[in-house]
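Asker: Sequence:
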Amino acid sequence: MKILLAVLISYLLGSINSSILVGRLWANIDIRKYGSGNAGATNTLRTLGKSAAAVVLIGDVLKGIIGVIIGRYLAGEMGALTAGIACVLGHNFPIYFGFKGGKGILTSAGVIFMINWKIGLVLAVLVLLIIAITRYVSLGSIIGASLYPVVVLLFDRRGIEHIIFAVCIAVLAVYRHKTNIKRLLDGTESKLGSKVKV
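For what it's worth, my numbering labels the leading residue of the sequence shown as 7, then goes sequentially.
Please note: incorrect hints may appear among the correct ones.
[Claimed, not checked] Quick list of in silico lysine-lysine cross-link-like pairs, DSBU-like style, CA-CA up to 30 Å:
#	residue 1	residue 2
1	LYS56	LYS8
2	LYS8	LYS124
3	LYS184	LYS56
4	LYS56	LYS39
5	LYS197	LYS106
6	LYS188	LYS39
7	LYS106	LYS39
8	LYS188	LYS56
Simulated from the structure, these hints should not be mistaken for lab results.
Could you put the whole structure together from the sequences, leaning on the hints where they help?
Answerer: Below is the structure:
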């Protein structure tokens, strides 16, 4: 029962989409109607600039952190894992915004850091390195997410539930990037630094 409560609270928390709220407060727009159409920090950066994107980044990471804290407080480590997944699902499919949200990378990052900060740090460095070299945020996100279960399998000895958790987070991230994967293969994916006119 406590796990279900943790899942419900974390899903509702995750559904508070920072990008959509910032878009409405910053410029009275629905961020999902501009740029890539994604309700996330990268599209916010392209559409509204660095300050707005920074607010989104902090908000998305924080809700992942808070979701895991709530889950762990209510139901221990299993509560933390299930709440983390629920928080990402809330971000991706927010009940408050017609179930059309973001791709969950920053929220996943907050969750991963709370589950195992060392693995989170390794993945963050890898993702940032790929982005710095290629200028493709989506590519860094996809590779980082795909490697997460592998890193957990190799270095996290706490049990099969952590591997299952990592696979769930990775599948969610890659699935949400399916259109980016197509654009990357077609050579039409936007690089970091491109702008959108509002």
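Asker: Each of the hints needs a verdict: does it hold here or not?
Answerer: Structure-based check of each hint:
1. LYS56 <-> LYS8: violated (39 Å)
2. LYS8 <-> LYS124: holds (28 Å)
3. LYS184 <-> LYS56: holds (26 Å)
4. LYS56 <-> LYS39: Roughly 19 Å between the alpha carbons, so the hint for LYS56 and LYS39 holds.
5. LYS197 <-> LYS106: Holds, at roughly 23 Å.
6. LYS188 <-> LYS39: Roughly 20 Å between the alpha carbons, so the hint for LYS188 and LYS39 holds.
7. LYS106 <-> LYS39: Judged against 30 Å, a Cα distance of about 12 Å means the pair holds.
8. LYS188 <-> LYS56: Roughly 27 Å between the alpha carbons, so the hint for LYS188 and LYS56 holds.
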